[in-house]
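Assemble the whole structure, with the sequences as input and the hints as a guide.
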Amino acid sequence: MRAGVEIVVWCAVLLGLTVVLISSVTPVELAVAGVAAVGGALAARRMRLAADAGSTGAGCAARSVLSLPRTVVRGLAVLVAAVGRRPSAAVVRRVRLKPGADASWAGALLAASPDTCVIDVPGNDEVVVHALRPDAGPVEKAVARQGRKR
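Using the working numbering, read the sequence shown as starting at 65 and increasing by one per residue.
Bear in mind the hints are in silico, worked out from the structure with no lab data behind them.
The beta carbon of each residue, even a glycine, is placed where N, CA and C say it ideally should be.
Heads up, some of the hints might be wrong.
Said to hold, decoys possible - Using C-beta positions, here's what the derived DEER-type ranges look like: (1) Val147 x Ser87: 36 to 46 Å; (2) Val102 x Asn188: 24 to 34 Å; (3) Gly164 x Leu81: 27 to 37 Å; (4) Lys162 x Val92: 47 to 57 Å; (5) Ala154 x Gln210: 14 to 24 Å.
Structure below.
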């Protein structure tokens, strides 16, 4: 039952996105979009199962998503400042995640900042990031435990 609901939701999202992006929707285009949406929905479910991605820690995720715009602007500023010179403050650090923060969505949010790259996910409660700044950004502060490993 849960798999069916997930596939239907993916189909609806993909079909809706396709219809919005098509300038004029004809029956043939709608049929092709429907078939592509079913294929995309099945592939999305299989990829989620293969990645073992969960949706735990919704409260922490909401706070992280809210701090994402500020993190992106800050990351762009750090990236622009680093262009043309060797960034001496770049670090590689292990970020231990708060209980309930899943590494799949936390890693995606951490990687959304232009000055941060997730380079490894050794466990479901930890990610390894390469950052152009030594201090944690807003998203990292929202998902990380207080004591980070360096």
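Hints, verified against the model:
1. Between Val147 and Ser87 the CB atoms are about 38 Å apart, so this pair conforms to the stated range of 36 to 46 Å.
2. For the pair Val102 and Asn188, the supplied restraint of 24 to 34 Å holds, since their beta-carbon distance comes to about 30 Å.
3. Taking the beta carbon of each, Gly164 and Leu81 are about 30 Å apart, inside 27 to 37 Å as hinted.
4. Restraint check, Lys162 to Val92: a C-beta distance of roughly 49 Å satisfies the suggested window 47 to 57 Å.
5. Take Ala154 and Gln210: their Cβ atoms lie about 23 Å apart, and the range 14 to 24 Å holds.
Of the numbered hints stated above, none is contradicted by the structure.
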